[in-house]
Structure formats: structure tokens, C-alpha cells
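Enquirer: Chain by chain, the residues:
There are 2 protein chains.
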Amino acid sequence: MKSDVEISQETAMEPITKVAKKIGITEDQIEQYGKYKAKINFDPTTEKAKGKLILVTSINPTAAGEGKTTVTIGLGDALNELHKKVVLALREPSLGPVMGMKGGATGGGYAQVVPMDDINLHFTGDFDALTEANNTLAALIDNHIQHGNQLNIDPRQITWKRVMDVNDRELRQVVVGLGGRTSGVPRQDGFDITVASELMAILCLATSLTDLKKRISKMLIGYTYDRQPVTVADLHVQGALTLLLKDAIKPNLVQTIEHTPAFIHGGPFANIAHGCNSILATQAALHFGDYAITEAGFGSDLGAEKFMDIVTPRLQQSPDCVVVVATVRALKLNGGADKKTLNEENLDALKKGVVNLKRHVEGMQQYGKPVVVAINKFATDTDDELTYLQNYVTNELQVTGTIINSWAEGGKGAINLAKDVMDACAQPAKFHELYADDDSIEDKMEKIVTRIYGGNGIEFSSKAKNALKRIKKLGYDQMPVCMAKTQYSFTDDAKQLGAPENFKIHVSDLQLKLGAGFIVALTGKILTMPGLPTHPAALDMDIDEQGRITGLF
Amino acid sequence: MKSDVEISQETAMEPITKVAKKIGITEDQIEQYGKYKAKINFDPTTEKAKGKLILVTSINPTAAGEGKTTVTIGLGDALNELHKKVVLALREPSLGPVMGMKGGATGGGYAQVVPMDDINLHFTGDFDALTEANNTLAALIDNHIQHGNQLNIDPRQITWKRVMDVNDRELRQVVVGLGGRTSGVPRQDGFDITVASELMAILCLATSLTDLKKRISKMLIGYTYDRQPVTVADLHVQGALTLLLKDAIKPNLVQTIEHTPAFIHGGPFANIAHGCNSILATQAALHFGDYAITEAGFGSDLGAEKFMDIVTPRLQQSPDCVVVVATVRALKLNGGADKKTLNEENLDALKKGVVNLKRHVEGMQQYGKPVVVAINKFATDTDDELTYLQNYVTNELQVTGTIINSWAEGGKGAINLAKDVMDACAQPAKFHELYADDDSIEDKMEKIVTRIYGGNGIEFSSKAKNALKRIKKLGYDQMPVCMAKTQYSFTDDAKQLGAPENFKIHVSDLQLKLGAGFIVALTGKILTMPGLPTHPAALDMDIDEQGRITGLF
Numbered sequence: 002m003k004s005d006v007e008i009s010q011e012t013a014m015e016p017i018t019k020v021a022k023k024i025g026i027t028e029d030q031i032e033q034y035g036k037y038k039a040k041i042n043f044d045p046t047t048e049k050a051k052g053k054l055i056l057v058t059s060i061n062p063t064a065a066g067e068g069k070t071t072v073t074i075g076l077g078d079a080l081n082e083l084h085k086k087v088v089l090a091l092r093e094p095s096l097g098p099v100m101g102m103k104g105g106a107t108g109g110g111y112a113q114v115v116p117m118d119d120i121n122l123h124f125t126g127d128f129d130a131l132t133e134a135n136n137t138l139a140a141l142i143d144n145h146i147q148h149g150n151q152l153n154i155d156p157r158q159i160t161w162k163r164v165m166d167v168n169d170r171e172l173r174q175v176v177v178g179l180g181g182r183t184s185g186v187p188r189q190d191g192f193d194i195t196v197a198s199e200l201m202a203i204l205c206l207a208t209s210l211t212d213l214k215k216r217i218s219k220m221l222i223g224y225t226y227d228r229q230p231v232t233v234a235d236l237h238v239q240g241a242l243t244l245l246l247k248d249a250i251k252p253n254l255v256q257t258i259e260h261t262p263a264f265i266h267g268g269p270f271a272n273i274a275h276g277c278n279s280i281l282a283t284q285a286a287l288h289f290g291d292y293a294i295t296e297a298g299f300g301s302d303l304g305a306e307k308f309m310d311i312v313t314p315r316l317q318q319s320p321d322c323v324v325v326v327a328t329v330r331a332l333k334l335n336g337g338a339d340k341k342t343l344n345e346e347n348l349d350a351l352k353k354g355v356v357n358l359k360r361h362v363e364g365m366q367q368y369g370k371p372v373v374v375a376i377n378k379f380a381t382d383t384d385d386e387l388t389y390l391q392n393y394v395t396n397e398l399q400v401t402g403t404i405i406n407s408w409a410e411g412g413k414g415a416i417n418l419a420k421d422v423m424d425a426c427a428q429p430a431k432f433h434e435l436y437a438d439d440d441s442i443e444d445k446m447e448k449i450v451t452r453i454y455g456g457n458g459i460e461f462s463s464k465a466k467n468a469l470k471r472i473k474k475l476g477y478d479q480m481p482v483c484m485a486k487t488q489y490s491f492t493d494d495a496k497q498l499g500a501p502e503n504f505k506i507h508v509s510d511l512q513l514k515l516g517a518g519f520i521v522a523l524t525g526k527i528l529t530m531p532g533l534p535t536h537p538a539a540l541d542m543d544i545d546e547q548g549r550i551t552g553l554f
Numbered sequence: 002m003k004s005d006v007e008i009s010q011e012t013a014m015e016p017i018t019k020v021a022k023k024i025g026i027t028e029d030q031i032e033q034y035g036k037y038k039a040k041i042n043f044d045p046t047t048e049k050a051k052g053k054l055i056l057v058t059s060i061n062p063t064a065a066g067e068g069k070t071t072v073t074i075g076l077g078d079a080l081n082e083l084h085k086k087v088v089l090a091l092r093e094p095s096l097g098p099v100m101g102m103k104g105g106a107t108g109g110g111y112a113q114v115v116p117m118d119d120i121n122l123h124f125t126g127d128f129d130a131l132t133e134a135n136n137t138l139a140a141l142i143d144n145h146i147q148h149g150n151q152l153n154i155d156p157r158q159i160t161w162k163r164v165m166d167v168n169d170r171e172l173r174q175v176v177v178g179l180g181g182r183t184s185g186v187p188r189q190d191g192f193d194i195t196v197a198s199e200l201m202a203i204l205c206l207a208t209s210l211t212d213l214k215k216r217i218s219k220m221l222i223g224y225t226y227d228r229q230p231v232t233v234a235d236l237h238v239q240g241a242l243t244l245l246l247k248d249a250i251k252p253n254l255v256q257t258i259e260h261t262p263a264f265i266h267g268g269p270f271a272n273i274a275h276g277c278n279s280i281l282a283t284q285a286a287l288h289f290g291d292y293a294i295t296e297a298g299f300g301s302d303l304g305a306e307k308f309m310d311i312v313t314p315r316l317q318q319s320p321d322c323v324v325v326v327a328t329v330r331a332l333k334l335n336g337g338a339d340k341k342t343l344n345e346e347n348l349d350a351l352k353k354g355v356v357n358l359k360r361h362v363e364g365m366q367q368y369g370k371p372v373v374v375a376i377n378k379f380a381t382d383t384d385d386e387l388t389y390l391q392n393y394v395t396n397e398l399q400v401t402g403t404i405i406n407s408w409a410e411g412g413k414g415a416i417n418l419a420k421d422v423m424d425a426c427a428q429p430a431k432f433h434e435l436y437a438d439d440d441s442i443e444d445k446m447e448k449i450v451t452r453i454y455g456g457n458g459i460e461f462s463s464k465a466k467n468a469l470k471r472i473k474k475l476g477y478d479q480m481p482v483c484m485a486k487t488q489y490s491f492t493d494d495a496k497q498l499g500a501p502e503n504f505k506i507h508v509s510d511l512q513l514k515l516g517a518g519f520i521v522a523l524t525g526k527i528l529t530m531p532g533l534p535t536h537p538a539a540l541d542m543d544i545d546e547q548g549r550i551t552g553l554f
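So the protein sequences, as listed, match chains A and B.
One gets my numbering by counting positions in the first sequence from 1 and adding 1 to each.
One gets my numbering by counting positions in the second sequence from 1 and adding 1 to each.
Don't take every hint at face value.
Because identical chains cannot be distinguished in the list, a pair is counted as satisfied if it fits within a single copy or across any two copies.
Said to hold, decoys possible - Below, a list of computed lysine-lysine pairs in the DSS-like style, where the Cα atoms sit at most 30 Å apart: (1) 19 to 51; (2) 353 to 341; (3) 3 to 247; (4) 247 to 36; (5) 215 to 36; (6) 36 to 23; (7) 162 to 466; (8) 464 to 340.
Please keep in mind that the hints were generated in silico from the structure rather than gathered at the bench.
Generate the whole structure from the sequences, applying the supplied hints.
Expert: Put into C-alpha cells, the structure is as follows:
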């Protein structure tokens with residue numbers, strides 16, 4: 002069996018100029034990055050969205066892999082095969098996890114975006130630019146204090162952390178500024194992974210370079226000794242930071258193995274950030290395509306909820322159809338099966354595990370738009386298992402459920418799903434918002450927890466209570482809430498699979514993201530800087546003299 | 002008067018494909034990064050060097066600015082104007098200093114490489130890739146220790162530091178790994194600026210992807226508890242790190258305002274690293290050009306010495322001519338003039354300061370190749386000052402000295418220099434090496450200090466003495482020495498201008514760079530992580546809705 006990177010490297014790609022031309026992108030709008038990648042100059046104020054929007058999400062991810070990106074790409078290729086003008090809008094992979102765990106963010110088998118090696122590595126440098134801008138700001142803050150601290154910034158209350166696109170647990174908690182008077186002010190600090198940074202969120206929410214700069218100006222970097230907020234505008238460095246992101250803000254264009262155009266742009270993690278690709282990429286896909294397919298991170302409780310509640314109002318368009326991806330294997334795990342027995346038929350575990358799918362489908366249905374289930378077939382699934390699951394979706398959940406096989410067959414493996422999705426998009430439906438901006442912070446979170454997670458309330462730590470008080474006092478409570486929660490469970494405990502009942506979500510802290518325009522609620526033991534496993538994927542990677550790559554999935 | 006970025010943004014650039022074609026680069030060899038930047042696939046084993054090599058260096062830099070890059074570009078444009086096939090090979094700017102001090106690395110006035118904004122910002126992402134690879138290695142080292150430390154690495158003896166391309170003094174000395182068992186092992190650590198990293202040196206010395214990987218394998222990352230060296234090969238991650246640099250190793254092509262082709266690739270600082278652009282870029286310039294012009298960092302005591310002693314043996318070609326850049330203003334400063342009075346004629350200071358030029362010229366002459374002095378004219382220089390300096394060069398130093406004015410006139414301002422350089426290149430001359438690999442470490446340093454700096458010996462700190470002992474014991478003393486020394490003085494004290502006599506160089510530590518293949522000698526108070534000034538350049542930078550940039554010099 003060929004590896005993903007082998008399939009990718011053997012693909013006869015079309016020149017990116019040709020891919021672009023097919024959907025009406027002019028030569029003036031293209032900045033090539035090699036022959037198969039490009040950045041696009043796109044102005045959403047003159048080039049209007051007109052396509053149908055399809056949001057792909059999934060059940061809770063498990064160690065079995067649910068293949069959501071593979072389904073998304075397969076669906077795109079299937080619509081392409083049906084001669085529809087379709088454009089994908091996806092997130093960029095983060096290098097930290099690429100070096101850690103096997104499993105990229107570029108699909109798999111014959112449903113991949115290519116060149117997968119470049120996309121999984123530095124791509125067009127967007128994350129590097131974000132890292133650089135983020136850390137330049139950090140240096141400018143400490144430098145301001147070093148040279149007299151005119152703004153009276155309290156070094157104990159700096160909220161702006163440095164970042165790296167590396168899984169580096171060693172940097173979670175550090176002390177910086179040691180070494181005496183000429184080497185900074187000693188203080189406690191910590192690093193996040195780049196995808197957790199507010200700048201990443203802003204890149205994905207900004208609608209223009211001007212909006213980007215405006216949002217950067219507003220970012221909170223800490224507090225003064227008398228507890229007043231200090232922003233980037235106070236430091237006068239929004240111009241320099243915007244300059245560092247002048248290229249990163251442009252959506253990247255690549256193609257699938259079957260030459261379907263794909264914008265890949267921005268990539269906040271959905272567990273610690275808002276989990277959706279850039280609004281500009283989605284707008285571009287909606288402008289150049291009759292169908293735009295976007296994917297939100299992790300399960301529907303994380304990425305899709307945030308797409309609906311945070312992105313939709315800013316995009317000013319809601320999905321016309323939601324696809325929930327499920328697999329027999331992952332549902333068996335959710336039903337209590339042992340990871341080692343997943344290759345064997347286990348209808349009991351499947352029957353117990355489908356409650357996870359049920360809650361995801363019902364959560365998404367509350368937003369008022371049609372929901373379709375994509376059953377992503379694995380080679381080890383038995384006919385009885387697949388039949389049971391399809392019947393469950395049709396009869397119990399009463400939604401369309403389609404088996405797809407894009408990993409092995411590419412677009413051909415998702416033709417039925419494509420037809421179901423087109424039907425769904427043609428249905429008239431009205432978007433229902435889950436909460437309003439002027440709901441209290443507690444109400445917003447309560448609605449997410451009870452209606453999407455299926456829990457029954459929230460518990461705030463004393464730190465979170467203090468943060469809540471401060472936010473209300475400063476008058477910043479009219480913003481949406483971005484939940485930082487484990488992706489493995491509806492609860493904040495990664496081990497509670499299935500569809501747990503009667504649980505509370507434990508909020509340990511609240512963080513103000515004034516530039517992104519939301520409040521991050523940290524729940525459970527969520528970490529904003531991951532670590533590497535015992536045997537990191539990096540140990541198996543190689544590139545030979547001819548540039549042939551191995552070990553990159 | 003127009004700013005550099007205004008002149009750059011107003012330039013009618015040629016498409017980079019056209020610039021490439023002019024010198025015989027085929028379409029297959031080009032990977033475009035936008036319309037005006039490209040990476041080049043170049044194989045020095047089949048595409049041989051055939052041009053003449055010109056090395057541009059200078060007197061010690063001062064606050065007055067010596068304009069070495071401006072002269073280098075002007076000289077290239079002048080040869081171009083004389084219809085010679087000329088290609089530049091320059092270093093990439095580091096973002097850290099760009100955000101700190103005004104004054105880029107892309108030339109100035111009408112002698113610039115363009116697009117200067119892109120080149121000064123992330124360019125094609127090479128430094129970001131180096132940063133990422135460097136820090137991925139750091140995370141892999143700490144992760145190895147976290148998961149059982151099979152290699153028995155002593156956390157107190159890790160020599161591999163994290164880096165950032167930011168001037169961030171706050172990170173010079175830090176404690177990492179705090180927060181308990183799941184968040185790493187607490188230890189003292191520190192960050193360097195990316196341009197000081199061994200990976201940067203390796204990128205600039207590697208002759209192929211295979212050589213890059215071989216060098217990465219050899220890099221020393223620390224010692225075991227029983228004081229045995231630990232290398233990247235022991236961790237088995239050379240493949241992953243090479244993969245992260247697969248694009249960074251390809252030379253970047255841009256153009257000057259007058260459309261002269263310029264490879265800009267790699268950029269180690271000459272004060273803390275070896276200070277020369279990549280060997281691959283120089284080889285490419287020598288292959289595609291009849292004249293290749295390269296520039297080494299800071300004064301001839303730093304970049305040029307390292308070009309001669311470290312780069313030349315690996316490039317297997319020595320310069321056919323050395324150009325030493327001098328200015329009246331900088332020599333007046335070297336002669337004791339006050340910075341505030343530089344606009345006024347001061348022949349006394351000039352007469353005192355020329356000793357600095359003398360020592361640089363005589364240092365370079367020891368390598369056996371012709372030396373030419375370029376007197377870079379500033380608007381405030383008086384005729385008497387210029388005449389005095391030209392006469393001094395001709396009569397006292399007995400070398401060719403030419404006044405050039407490329408900042409205001411571009412290539413036209415350096416026609417005479419171009420002619421002098423062509424004459425010099427036509428002279429038969431043999432390269433003399435300053436030291437041999439099998440000289441002892443002390444002898445190598447002694448030769449650099451006495452023959453190039455004009456000092457009379459070395460003093461080792463006790464730390465340096467211990468390091469020296471360890472290096473000898475391990476058998477790694479057959480490598481060249483890379484001096485880390487202030488750029489402002491021949492001595493290790495930045496305040497000693499002119500041509501000081503009877504001084505010793507104080508070596509505080511020696512560092513083994515097994516991948517780069519040299520030993521770094523830290524002298525005086527040299528820092529490998531700079532800081533930002535009271536008013537960083539970042540505060541004045543901006544970009545407007547139309548993408549017009551201000552404040553970037």
C-alpha cells in the first residue's frame with residue numbers, strides 16, 4: 002500500500018495557474034509560490050460571495066481516526082466529477098503536531114490536497130509570519146519596560162505570551178529576563194503553540210488588511226500596575242505587526258489530486274482556539290465556486306459550534322448544509338470497544354457508541370440548516386456494521402446517511418454524498434443563532450454547554466470568577482465565547498466518551514481576546530502548548546538526494 | 002528626498018523569469034515566489050563555476066554608515082552597464098535588527114536590491130525555516146530527556162539553544178521546564194538570534210542537500226553525564242531537520258533597481274557567526290555570471306577574514322579581487338571626530354583616521370590577491386577631504402582608490418570602480434592561506450589576531466581554557482576558528498577605534514560547531530542575542546489600505 006506522501010509525490014499536478022484560471026482567477030491576482038502553490042489577491046468588497054456553503058464537521062475524534070479532511074476533499078472531488086464549480090476552503094496544518102504524531106491535515110489516500118509535503122511543512126510561510134509577528138510584539142513589550150516603562154505596565158500582569166510552531170512542553174512555564182540589568186526584567190512567562198495565538202485568530206477573522214490592522218491595534222497585551230488594560234495601540238506597533246502579516250493575509254491556492262481547487266489558509270486549533278480557516282479563504286471559495294466546502298476542526302462541539310457562533314456573523318453567511326462525518330471504528334470506541342479489537346466486528350459496541358453521533362447531529366440541527374451524515378468507510382468495517390449504522394442514521398436520526406469511500410477511490414467514492422449535499426443545499430432553511438452578543442457571558446456558555454455538549458451547567462474556578470468580574474467591570478462582556486476544551490469528549494474530561502449525561506464544565510480561566518473579538522474560556526486541563534510523544538514522527542522522516550520524502554505519513 | 006522604500010516601490014521591476022532568462026537560468030530551474038522573487042534549483046556538481054569572484058568588504062563600521070551594500074550593488078550595476086554578465090551574491094537581512102535599528106541590508110538610494118520590503122521582511126521564508134528547524138531540534142532534545150533519557154544527556158550540559166529572529170534581550174537567560182513532571186525538566190537555558198545559529202552557518206556552507214544532512218547529523222547538542230558528546234545523529238532526527246530545510250537551501254534570485262540579477266541567500270552575522278552568504282549562491286553567481294560579486298559582513302577583520310579562512314577552502318575558489326569600502330565620514334569618526342560634527346570638513350580627523358583603512362587593506366593584501374579601495378561618497382564630503390583620501394590610498398597604500406557615488410547615481414556612479422575591478426581581476430595572483438587546518442587552535446587565533454587585527458596575543462578565560470582542553474581531548478582541534486568579536490574595533494572593545502596597537506583579545510569561551518565545521522571563539526562582551534533600542538524602528542513602520550509601506554528605512 003502506498004503512503005500518503007508517495008501518492009502525493011506521484012501525482013501529476015496541474016500548474017497552479019491553470020487551476021486558478023479554471024475558476025476565473027485572473028493572472029494579476031496570482032502570486033506563485035513555486036509551480037503548484039499560489040497566494041491570491043482577493044478583495045471581498047468587490048468580489049462578492051455567491052456560492053452555496055457546505056460545512057464539514059464530525060463526531061468526537063478518537064485514536065481510530067475519523068478521516069474528516071479525507072471526506073471533505075472527497076466530497077469536493079465528487080462535485081468536481083459531477084461538473085460542478087466547487088472550491089474547498091481548508092485550514093493549514095501546524096508543524097508542531099506534524100513533527101509529533103503521525104497523521105497530517107491534508108487528507109489521505111486518494112483524497113488529498115497536494116503537494117502534501119509542502120503544505121504540511123512551511124507551505125507559504127503564513128504560520129512563520131504569525132510566529133514572528135507574535136514574538137516581535139513580545140520583545141517590544143519587554144523592551145518598553147526595559148527602557149523606562151512609560152506606560153506603567155505591570156510585568157506580573159503581561160498577558161501576551163511568546164509562541165512557537167513546535168510541540169515544546171519545556172516552554173510551557175518559564176522564567177525570562179534573568180542575567181542582570183542589561184538583559185531584561187525577570188518575570189514568569191510561558192509559550193503557546195502558534196495556532197493558539199490571538200494573531201492566528203485575527204488572521205482568520207479579518208476581512209481586509211485594514212481590518213487586520215484595526216484588530217491588531219485592539220489586542221490586549223497586559224495591565225498597568227493600577228489594573229488598566231494596555232493594548233497594542235498604546236505601544237504604537239500595529240503598523241509594524243500588520244506589515245509582518247502583509248503576505249500571510251492572502252489566501253493560498255492549491256489543488257486536490259483530482260485538480261479541484263482548494264484555498265488553504267489559517268489554522269487555529271479548534272480545542273484551544275476557534276478552529277476554522279480564514280474568512281477571506283471561505284469568501285474566496287464562495288466567490289469563485291458555486292459550491293464552497295469548508296471544514297471546521299475536531300468534533301461539532303468544537304470547530305462547528307465556533308463556526309456557527311463566531312465565524313458566521315462575521316462571514317455574514319451561514320452554511321447551507323452541514324455534513325457530520327462518522328466512522329464505524331470511532332463509534333465502536335465511543336461505545337466502549339477496546340482499541341486493539343477495532344478490526345473485528347462488534348455490533349454491540351457500535352450500538353452503544355451511536356449516541357455520540359446522535360448528539361452531534363442534534364447539536365447541529367439546532368442551527369436550522371439541513372444535516373447530512375457521511376459514513377466514512379474503512380476496509381475493516383463489516384457489511385452488518387455499515388448497514389446497522391446507515392439504518393440508524395435514516396430511521397433513528399431521520400437524516401440522510403451516505404457511505405463514502407474516498408480514501409481508496411477519491412471523488413468517485415463520494416458521488417452519492419455529493420448528490421445528497423446538493424439536495425440539502427437546495428432546501429430552503431433559516432439560520433437560528435444559538436446565543437446573542439448581549440447575552441451574559443454565563444448565559445452564552447450555559448447555552449453551549451447544555452444545547453451542544455449535553456451537559457447541565459458550568460463551574461467557575463476562583464481564578465475564572467475573578468477574570469469574569471474584571472471583564473464585566475471593563476465592559477468587554479458583549480463578545481462571543483471561544484471554548485477551549487478537550488476534543489475527545491463532550492465533557493472537559495478526555496476519557497468520557499459516548500454521550501455523557503449530567504456533567505458540568507469546569508472553567509479554570511477566562512482570557513480577553515480584544516482583537517479577535519472573543520473571550521476564551523479554558524476548561525478542564527486543556528493546555529495551549531502540546532508536548533511530543535515518546536516516539537515523535539520526526540524520528541522516522543527523511544529526504545534523500547533526489548528529494549524523495551519518506552516518513553511524512 | 003525619497004526614502005529607500007519609496008524608491009523601491011516605484012521601481013518598474015522586470016519579471017523575475019526575464020531576469021533569470023538573461024543569464025541562462027532555464028524555466029525548469031525556477032520556482033517563483035510572486036512575480037519578482039524566485040528560488041533556483043541549482044546543482045554545482047554539474048553546473049560549474051567559471052566567473053571571476055569579487056569580494057567586497059570595508060573598514061570598521063561606524064554610526065556614520067559606510068554603505069558597503071550600496072557599493073556592492075552599485076558595482077554590479079556598473080558592470081551591467083558595461084555589458085558584462087554580472088551576478089551578485091548577497092546575504093539575506095535578519096528581521097530582528099530590521100525591527101530595531103534603521104538601516105536595512107538591501108542597499109540604499111538608487112543602488113538597491115528590490116523588492117526591498119519583501120527582502121527585508123520574511124523574503125522566501127529561509128530564516129523562518131531555520132528558526133523552526135532549530136527549535137524543533139531543541140524540543141526533540143528535551144522530549145528525549147522527558148521520556149526516559151536513554152542517551153543519558155546531562156540537562157546541565159545541553160549546548161543547543163533555541164533561537165528567534167527577533168532582537169529579544171528578555172530571552173538571553175531563562176529557566177525552562179518549570180511546572181512539574183508533565184512539563185519538562187527544569188534547567189537554565191537561553192535563546193540566540195537565528196542568524197547566530199549553527200544551522201544558519203550550515204545552510205551557508207552546505208554544497209548540496211546530502212551535504213546539508215551530513216552536517217546536520219554531526220551537530221553537537223550537548224554532553225552526557227559522563228561528558229561524552231551527543232550529536233543529532235544520536236537522536237536520529239537529521240532527516241526531519243533536513244526536510245524542514247529542503248526549500249531554504251535553494252538560492253533566492255531577485256534584481257537590483259537596474260535589473261542586475263542578485264542571489265540573496267543565507268545571512269549569518271559576521272560578528273557572532275561567519276558572516277557570508279551561502280556557498281551555493283556564490284557558486285550559482287560564478288556559474289551564471291562572468292563576474293560574481295559577493296559581500297562579507299562588517300569590516301574585513303570579521304566577514305572577509307572568515308570568507309578567506311572558512312569559506313574559500315569549501316568554495317574551492319578564492320576572490321580574484323578584494324574591494325575595501327571606506328568613507329570620509331567613518332574615517333573621521335575613526336580619527337576621533339565627534340559624531341555631531343561629521344557634516345563639517347575635518348581634515349585633521351581624517352588624517353588620523355586613515356590608519357583604520359590602512360590596516361584593513363594590509364590585512365587583506367596578505368591573502369595575495371589584488372585589493373582595490375572604493376571611496377563611497379557622501380553629499381557632505383568636501384573636495385579637499387576626498388582628494389586627501391584618494392591621494393592617501395594611491396600614494397601611501399599604493400593601491401587603486403576610486404570615488405563612487407552609487408547611492409545617488411546607481412551603476413553610473415561606479416563605472417570607474419568597475420573598470421578598476423576588471424583590471425584587478427585580470428592580474429595573475431596566487432591565494433595565500435593565513436593558517437592551516439592542522440595549526441593548533443591557539444596558533445590559528447594568534448595568526449588572526451596578530452596579522453589581521455594588529456594585536457599582539459590572546460588571553461583565555463578559565464572557562465575558555467577548560468573548553469580548549471575538552472576540544473583537544475575530543476580531537477576536534479583540526480577545524481578553522483570563527484571569531485565572535487565586536488564589529489566596531491579591531492580589538493574586542495567596541496570603543497577602541499582607529500588602529501589600536503599592543504592589545505590582547507580576551508576569549509571568554511569556545512564553542513564546538515561540528516556541523517558547520519568550525520570552533521567559535523567568543524571574545525570580549527559579545528552577545529549572541531541583541532536587544533532593541535529605546536525607540537525601535539518598528540514604532541515608525543506602517544502599511545496602508547493600498548499596501549503602501551512607510552517607515553521601512
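Enquirer: Each of the hints needs a verdict: does it hold here or not?
Expert: Status of each hint after checking the structure:
no. : hint       : in the structure
1   : 19 to 51   : within (22 Å within a copy, 38 Å between copies)
2   : 353 to 341 : within (18 Å within a copy, 82 Å between copies)
3   : 3 to 247   : between (39 Å within a copy, 23 Å between copies)
4   : 247 to 36  : both (22 Å within a copy, 16 Å between copies)
5   : 215 to 36  : between (34 Å within a copy, 29 Å between copies)
6   : 36 to 23   : both (16 Å within a copy, 20 Å between copies)
7   : 162 to 466 : within (22 Å within a copy, 39 Å between copies)
8   : 464 to 340 : neither (37 Å within a copy, 54 Å between copies)
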